[in-house]
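J.: These protein sequences, in sequence, are chains A and B.
Start counting the first sequence at 1; every next residue gets the next number (the numbering used here).
Start counting the second sequence at 1; every next residue gets the next number (the numbering used here).
It should be emphasised that the hints constitute simulated quantities derived from the structure, not laboratory data.
Just so you know, not all the hints are guaranteed correct.
Simulated crosslink set (DSS-like; lysine-lysine; CA at most 25 Å straight-line) [unchecked claim]:
id	chain 1	residue 1	chain 2	residue 2
1	A	106	B	8
2	B	8	A	145
3	A	122	B	8
4	B	398	A	65
Label-pair distances were calculated between CB atoms; the ranges are [to be verified]:
id	chain 1	residue 1	chain 2	residue 2	range
5	B	277	A	83	52 to 58 Å
6	A	214	B	299	54 to 60 Å
7	A	214	B	385	57 to 63 Å
8	A	233	B	306	48 to 54 Å
9	A	21	B	307	28 to 34 Å
10	A	133	B	306	37 to 43 Å
These stretches of chain A come out as covered by chain B in the derived footprint (C-beta under 8 Å, 3 or more residues) [as the list claims (entries may be wrong)]:
id	segment
11	83 to 90
12	116 to 125
Every residue gets a Cβ at the ideal spot worked out from N, C-alpha and C, and that includes glycine.
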Amino acid sequence: MSQSPEKSSVIMITELNKIYMQGSHDVHALKNVNLEVFENEFVAIMGQSGSGKSTMMNILGCLDKPTSGHYALDGQDVSRMKDNELAAIRNVKIGFVFQSFNLLPKLTALENVELPMIYSAKPRAMRRKAAMDALTRVGLADRVKHRPNELSGGQRQRVAIARALVNSPSIILADEPTGNLDSQSSAEIMQIFQNLNAEGATIIVVTHEPEVAAHTKRVVTFRDGVVVSDKPVERQILAGV
Amino acid sequence: MNVFESMKSAVSSVFSNKLRAFLTMLGIIIGISSVIAIVSLGAGMSNFFEEQWATMGIGNLEVNLSTWGDTITDRDLLTLDDVEMLRQLPGVRTVTATLQSWDFSMRTMEPGETRQANINGVMPDHEQVVNVRMLYGRYINQVDIDNNMPFAVITDSTANRIFGEAHAGLIGQTIEFQSWFAAGVQSFTVVGIMVNPNTWEDMMDPEWISENVSVPVTTLQNMMNVRNVNTLHIAATDPNEMAEVGENVIFSLDNSRGTAGNYSIFNPMNFLEQMNEQLAATTLVISGIAAISLLVGGIGVMNIMLVSVIERTREIGIRKSIGARNSDIRAQFLIEAVILTFIGGSIGIVLGIFGGNLIGGLIPDMDIQPAVDIMSVVLAVVVSCATGIIFGVGPAIKASRLDPIEALRYE
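Model the full structure from these sequences, guided by the hints.
T.: Rendered as structure tokens:
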């Protein structure tokens, strides 16, 4: 794979293995995986269930640690870090977007977006401003005081994206972000990702739907814990066009 | 997450379900309010008894003849000379003597009707010794003593019963006594009216009350044809030295007669101390029992916190995924538990103060003011918060150890 000399490697996965216990036997979820992702890439990780893509996502998101091999994020080896250090990495370097939005139901949109900054002890005024900016970026400036149950699915996902952006992470990690949305909202969300990517964000989307993958620029396919293909997207579908 | 943000978050969590919060706090509220009520009542009772004793001369030693029967000679009896002798002892502030007689009855305004009298022969210092409160006129003075004057100080209760009302116009009024052992009537002039120190008499049936009258001790000695007195009242210059002064007094008295162990001395402080100790012990025991409900309340808090942790498994997963450390999660739940118990304890303190006052007011015949001191309140707050910490730490640790991946899958 050719790379431009100015672009730096955000994610470097080398000979990574993940084995976990299920019941009485071992499951070898990831087998000697090698993967490199550069700044400003837009990558889709595809595969059926059981392919290992969810396990890969958990490791990329520092929610889980590899059994062997290495994971360097922004040049830092996070594969052997302690729980507290990983929490800090998740706070600052990773922005999660989940399939079922995962907003806190008792907080307003603004408060939800502020939450990561509360955990990094940012002062109040700074939090407010950053949260407002993020919500404006995703087009929800007029809904900041609404609770999640007062928002549509698409709007909730946009709040989740705003929350993911707010600490200026190195990567945005989206797990089936359109899985719970209708086609209209799905298109809106993919458009937002494409806009963010155009503005410089590095985005990784985990999905089993080819149409979603077609909106990205590179598709890495997993099967049975192994990378079976890693190809650029020939004709990227532009959402909202 | 800084402490302020944690507390804000904890308060809104706790109050998101007000009914559950209240039910959880109930055990703490009951426990703290009972203990506060009981302790304040105990303190109020202790104060009440001390005040009662003060009106009866708490700071004074009482010396009486302790042997009875044939072994007594006239020499052993206490006299006014002993008063003079004891006044010379070091550490002695005042010495007075009293003589009592129940042999007389007092005539009322109704012809032929009399009431039982309790005549106290006193000396001027006795006014100080038992904290006499004069309403009108004056107490017995030294001139009365030196001249055996037929003057009397009656109580306001006696004035009410005999003359219908206690008022200044009664000064100069004549009262009459008659005895069972001699014919004739003893006339006295009222020179003063004092507050009746026996406050409980107001609740009793008048038939059983005798009229308390104070007269010069020398006058009573003449009336009874005796030369002795019953009791010596001794106040020490330094109340802490009372025990030693007492020993000196006994020694002097025995010495002057060449006897030993003739005289008994009663130090009301011992009695009061004993009574206070018993009261304190009783208060402690009852408080301990009440504190059990505090234990139960704490268990209730722990129970609810565990349920809360399980209910919020997904929330914990979300928080961890956006960067909450284990310690952040632990602190969050711990603070919630402490807020529950702190608020419960505060409500308990307020209710306990009200409850104590309510019960104190319901106790018949005694005017008890429940006393709440700062220490009790501070202790109650500390205990409440400690309960929150002790019973909240388990669930908080459980919450902090949840695996984020599992937690996010939970529904």
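J.: Taking the hints in turn, state whether each one holds.
T.: Hint by hint, here is what the structure shows:
1. A:106 <-> B:8: Holds: residue 106 of chain A and residue 8 of chain B sit about 13 Å apart, inside 25 Å.
2. B:8 <-> A:145: This hinted pair holds, its Cα atoms lying about 18 Å apart.
3. A:122 <-> B:8: holds (16 Å)
4. B:398 <-> A:65: holds (21 Å)
5. B:277 <-> A:83: 52 to 58 Å: With Cβ atoms ~56 Å apart, the hint holds.
6. A:214 <-> B:299: 54 to 60 Å: For residue 214 of chain A and residue 299 of chain B the Cβ distance comes to about 58 Å; the hint holds.
7. A:214 <-> B:385: 57 to 63 Å: Holds, at about 58 Å.
8. A:233 <-> B:306: 48 to 54 Å: Since the Cβ atoms of residue 233 of chain A and residue 306 of chain B sit about 49 Å apart, the hinted range of 48 to 54 Å holds.
9. A:21 <-> B:307: 28 to 34 Å: Holds, since residue 21 of chain A and residue 307 of chain B (Cβ atoms, about 29 Å apart) stay within the stated range.
10. A:133 <-> B:306: 37 to 43 Å: Distance hint for residue 133 of chain A, residue 306 of chain B holds at roughly 40 Å.
11. 83 to 90: It holds: at least three residues are needed, and the segment 83 to 90 of chain A offers 5 whose Cβ sits within less than 8 Å of chain B.
12. 116 to 125: With 5 residues in contact (Cβ-Cβ under 8 Å with chain B), the coverage given for the segment 116 to 125 of chain A holds.
Consistency note: the structure conflicts with none of the earlier hints.
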